[in-house]
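My request is simple: use the sequences and hints to build the entire structure.
As a plain string of letters, each chain reads:
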Amino acid sequence: MNNSVVAVRFIDVERHFDEVAAVNGISLEIYEGEFFTLLGPSGSGKTTCLRMIAGFDHPTAGRIELYGRDVTGLPPYERDVHTVFQDYALFPHMTVGENVGYSLMIKKKPKPEIQKRVEEMLELVRLPGLAKRKPTQLSGGQRQRVALARSLIDQPKVLLLDEPLGALDLKLRQQMQIELKNIQKQVGITFVYVTHDQEEALTMSDRLAVFNQGRVEQVGAPTEIYENPATVFAANFVGVSNVIRDGLAQALTGSSQSFTVRPEKIALRQPDAKTSPSECFADGVIREQVYLGMYSRYIVALDLGGDLMAVEQNLGVFSPEMQAECGKRVRAVWDKAHIHMLEAGG
Amino acid sequence: MRSRFRPPFGLTLAAVAAVLFLHIPLLLIGLYAFTTEETAYTFPPPGLTTRWFLEAFQRADLWSALTLSLKVATITTLISLALGVLAAFAVHHGKFIGKEAITFLVILPIALPGIVTGIALRSALKMMSLEFSFWTIVLGHVTFCIVTIYNNVIARLRRTGFSIVEASMDLGADTFQTFRYVILPTIASALLAGGMLAFSLSFDEVIVTTFTAGQQATLPIWILAQLSRPRDRPVTNVVAFFVIIITTLPILLAYRLTRQDEEVQ
Amino acid sequence: MALSSSTFDHANARKASIGRRFSRYFHRHPRLSILLLLALPLLWLGAVYFGSLGALVLQSFFHYDSYSGHVLPQLTGENYLELLSPSNLSIVLRTTSMAVAVTLASALLAFPLAYYSVRYAKGRTKALLYLAVILPLWSSYIVRVYSWKLILAREGIISWFLAQLGMTQLLENVLKLPGIGGASLSMSMLGMWMVFVYIWLPYMILPIHAALERVPKTLLEASGDLGARPGQTFWKVTLPLALPGVVAGSIFTFSLTLGDFIIPGTIGNSSLFIGQAVLRHQGTAGNIPLAAALTVVPMAVMAVYLVIARRLGAFDAL
Numbered sequence: 001m002n003n004s005v006v007a008v009r010f011i012d013v014e015r016h017f018d019e020v021a022a023v024n025g026i027s028l029e030i031y032e033g034e035f036f037t038l039l040g041p042s043g044s045g046k047t048t049c050l051r052m053i054a055g056f057d058h059p060t061a062g063r064i065e066l067y068g069r070d071v072t073g074l075p076p077y078e079r080d081v082h083t084v085f086q087d088y089a090l091f092p093h094m095t096v097g098e099n100v101g102y103s104l105m106i107k108k109k110p111k112p113e114i115q116k117r118v119e120e121m122l123e124l125v126r127l128p129g130l131a132k133r134k135p136t137q138l139s140g141g142q143r144q145r146v147a148l149a150r151s152l153i154d155q156p157k158v159l160l161l162d163e164p165l166g167a168l169d170l171k172l173r174q175q176m177q178i179e180l181k182n183i184q185k186q187v188g189i190t191f192v193y194v195t196h197d198q199e200e201a202l203t204m205s206d207r208l209a210v211f212n213q214g215r216v217e218q219v220g221a222p223t224e225i226y227e228n229p230a231t232v233f234a235a236n237f238v239g240v241s242n243v244i245r246d247g248l249a250q251a252l253t254g255s256s257q258s259f260t261v262r263p264e265k266i267a268l269r270q271p272d273a274k275t276s277p278s279e280c281f282a283d284g285v286i287r288e289q290v291y292l293g294m295y296s297r298y299i300v301a302l303d304l305g306g307d308l309m310a311v312e313q314n315l316g317v318f319s320p321e322m323q324a325e326c327g328k329r330v331r332a333v334w335d336k337a338h339i340h341m342l343e344a345g346g
Numbered sequence: 347m348r349s350r351f352r353p354p355f356g357l358t359l360a361a362v363a364a365v366l367f368l369h370i371p372l373l374l375i376g377l378y379a380f381t382t383e384e385t386a387y388t389f390p391p392p393g394l395t396t397r398w399f400l401e402a403f404q405r406a407d408l409w410s411a412l413t414l415s416l417k418v419a420t421i422t423t424l425i426s427l428a429l430g431v432l433a434a435f436a437v438h439h440g441k442f443i444g445k446e447a448i449t450f451l452v453i454l455p456i457a458l459p460g461i462v463t464g465i466a467l468r469s470a471l472k473m474m475s476l477e478f479s480f481w482t483i484v485l486g487h488v489t490f491c492i493v494t495i496y497n498n499v500i501a502r503l504r505r506t507g508f509s510i511v512e513a514s515m516d517l518g519a520d521t522f523q524t525f526r527y528v529i530l531p532t533i534a535s536a537l538l539a540g541g542m543l544a545f546s547l548s549f550d551e552v553i554v555t556t557f558t559a560g561q562q563a564t565l566p567i568w569i570l571a572q573l574s575r576p577r578d579r580p581v582t583n584v585v586a587f588f589v590i591i592i593t594t595l596p597i598l599l600a601y602r603l604t605r606q607d608e609e610v611q
Numbered sequence: 612m613a614l615s616s617s618t619f620d621h622a623n624a625r626k627a628s629i630g631r632r633f634s635r636y637f638h639r640h641p642r643l644s645i646l647l648l649l650a651l652p653l654l655w656l657g658a659v660y661f662g663s664l665g666a667l668v669l670q671s672f673f674h675y676d677s678y679s680g681h682v683l684p685q686l687t688g689e690n691y692l693e694l695l696s697p698s699n700l701s702i703v704l705r706t707t708s709m710a711v712a713v714t715l716a717s718a719l720l721a722f723p724l725a726y727y728s729v730r731y732a733k734g735r736t737k738a739l740l741y742l743a744v745i746l747p748l749w750s751s752y753i754v755r756v757y758s759w760k761l762i763l764a765r766e767g768i769i770s771w772f773l774a775q776l777g778m779t780q781l782l783e784n785v786l787k788l789p790g791i792g793g794a795s796l797s798m799s800m801l802g803m804w805m806v807f808v809y810i811w812l813p814y815m816i817l818p819i820h821a822a823l824e825r826v827p828k829t830l831l832e833a834s835g836d837l838g839a840r841p842g843q844t845f846w847k848v849t850l851p852l853a854l855p856g857v858v859a860g861s862i863f864t865f866s867l868t869l870g871d872f873i874i875p876g877t878i879g880n881s882s883l884f885i886g887q888a889v890l891r892h893q894g895t896a897g898n899i900p901l902a903a904a905l906t907v908v909p910m911a912v913m914a915v916y917l918v919i920a921r922r923l924g925a926f927d928a929l
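Residue numbers (the numbering used here), protein chains in the order written: chain A, 1 to 346; chain B, 347 to 611; chain C, 612 to 929.
Just so you know, the hints here were simulated from the structure itself, not pulled from any lab data.
Heads up, a few of these hints could be off.
From the derived model, a few chain A residues whose C-beta atoms are all more than 10 Å from chain C [what the hints assert, rightly or not]:
| no. | residue |
| --- | --- |
| 1 | A21 |
| 2 | E123 |
| 3 | Q142 |
| 4 | L168 |
| 5 | Q213 |
| 6 | E224 |
| 7 | A282 |
| 8 | G316 |
Only pairs whose alpha carbons sit at most 20 Å apart, straight line, appear in this in silico SDA-like list of lysine to any residue [unchecked claim]:
| no. | chain 1 | residue 1 | chain 2 | residue 2 |
| --- | --- | --- | --- | --- |
| 9 | B | K472 | C | V907 |
| 10 | A | K336 | A | M294 |
| 11 | C | K733 | B | A363 |
| 12 | B | K445 | C | T736 |
| 13 | C | K737 | B | F380 |
Using N, Cα and C, we set each Cβ at its ideal position, and we do this for glycine too.
Here it is, written out as structure tokens:
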């Protein structure tokens, strides 16, 4: 991954639809060769940004640069950027082979060359020999791979992916996540990926940007964003977090500055458990308990007021007796190092 | 709304009656085309013959009416195809207010009674002192044929959606290349179906044509004139018989095409 | 992979084809492109068709000089006053009541077929029934009218059929009835009515069919679940939901009957219908203003009808 070359740059980009600002002032840099994710809830502006890179939409203010060249206003077919669409958008009247080779056909490459490249691409996405089939004869996962092959065949500078795994079921999705990441490493192209699934973002990205209502709240590597969220939104969108404010914060840390602490960092011990000076603790009663297979989620009603969420792995074999933990008194304990202070107003 | 039960007898009877009502007259024409009787009214026909077919074949006025109808229908279909496709594209891809107005305008000629269209065009042509000719007939026909193309193409465009057009452009094809490689193949069957329907409509049209034709007679006008010529009845029967055959085939084909489309989607 | 910005300029430096240059232009000017697309059809429909409609309405206010046979562009309301004369009024009334009779009969005949097709017909039968309806719809109008001339003739199939049943006298008595009778079936209001129903029937069947198809089966099941017998479900649930389809179909039967002149001319007697009156006035007489005023009548009736139909939800069933 070449850190110094900027593949895509947004400079103060805005996109307004009548009075609504879908994108409200975004500046970011995506480096060549990285897997960069735009993460956010629906309507946060991430898909609009992607479409503006592709050329299907144009900023109402600001600039977009591809490799230092201002592309604002260039039609999609003049940009060396390809898109994998959410519904795959395979041409129904063409075979798989014709679909994959489309961009080369447009460029008027000779037929033998196209055929060879198509076979190579189908090997890459692990669909060898399916060139003569029609898209309607393929499964969802297969179509998705054909769409990928089609976009990669003429080696674009940047590949855009618009929630491509949304229509697949869980197991297939997880498998495709790993495959996509491998293909990206193998091909070395910059991937810009849009998703609302934070787990997906964490799995695949080199870096990600958290979108909220047309703005970017934080940009960074997954570990960075998870462990040090900049805002409450980032803290709660990427993973779940406890947000402690004002009075409760004062009581627990001595200062009223808001902070977050991740539920998995909180251990539930006996009510009189000893704690070391590097740890914080709060006593309370288990209000709610949810069994989730790998782990259990607990909501503790604190004596000091408010709730705390804790998550514990189910290391032992879970028996029905252990399920009736509601009402039990516990001491919630966590390391002070795991407290993450929020900026004022965050 | 499918029901598992058997239908009530009365309902089946009523349904069958309606179907028979719709089709028996057409079957009768077939029968009458072969009758031996000269005034060709009597039922049941006294005998069967094919001699009227020969006589019809030799009628010059019939041939010129037929040729005119075929020419008008062909030109009308071609022009309607062009205009209908343009309108369908503009409405589907464009972003502007007044789309409903366009749809309304396209449907209006076929929604209003033929006599309104007919006399409106005729008086307008008279006001502009234009002569009635082949092109005035075509003018009238295109006006209400556009809608068959428009409806078919826009339905197809809506079913196809936008993403394959975007995908094509994304992969390097400009507007014209996208049209040639992606859009045209997709709407081809809609064009064919719409075109055949337009052809049938134009070939058969008589009300508006009465107003916009000058001295010329298209086939339907010829038949209309024949209605007051009882002695020519057998020949008219033969012509009617052929017209049914000619108009049935495109309908069946158009139906097949639109069904195939729906199944593929 | 060597990557640099110069590869972009390389792509552009290639001579762009004409198509590509036009394409870029359209991309930069989307509004103009749409305008160009729309220009031709809009010109045809807007200027030619809509324009002539406007010209027609305008002409209905002009003055017709019966001595010289010329139309003078002096605005006057005399044509509309002329419409109120007894002979013209009777024409309008006659045409309108025929339209009503045709609509009612079509609805009664169309509904069972549509209902059967939606409720009880399976796959292949259903397709065949649909075909059975659209085939007459799109086949030749004039030929279908002609076929009835043969059927209604004194020597034709209806007379023969009635003769077999010994009901010839009944037919003669019916034909003597004022208003609907006539010299023979092929020259009577009764005959006309039958032909009208025959011709417009498919226009009534299709919207009803579409409306019935849209009634979800779960609604009928819910009705039964709540205690209604099948007959009650039909009257209280199915029929009201199918009504927009009936109204939509009636738009066609009504408007088509109002304007038709061929069927009254072929099958009718000497009493005129609106269509025939229009044809007559604008023909040799050249009295376009009166013809125009007469045409405005069905246009106005249809406008009112369409407004009512829209209220009843017929437009969703089209």
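Hints, one by one, checked against the model:
1. A21: holds, 21 Å
2. E123: holds, 19 Å
3. Q142: holds, 27 Å
4. L168: Nearest chain C Cβ is 29 Å from A/L168, so the label holds.
5. Q213: Answer for A/Q213: holds, closest chain C Cβ roughly 28 Å.
6. E224: Correct as stated: the minimum Cβ-Cβ distance to chain C is 26 Å, above 10 Å.
7. A282: holds, 52 Å
8. G316: holds, 48 Å
9. B/K472 <-> C/V907: Judged against 20 Å, a Cα distance of about 19 Å means the pair holds.
10. A/K336 <-> A/M294: violated, 26 Å
11. C/K733 <-> B/A363: The hint holds at about 19 Å.
12. B/K445 <-> C/T736: Violated: B/K445 and C/T736 sit about 38 Å apart, past 20 Å.
13. C/K737 <-> B/F380: Answer violated: C/K737 to B/F380 is near 33 Å, above 20 Å.
Violated hints, listed in ascending order, are 10, 12 and 13; each of the other numbered hints is respected by the structure.
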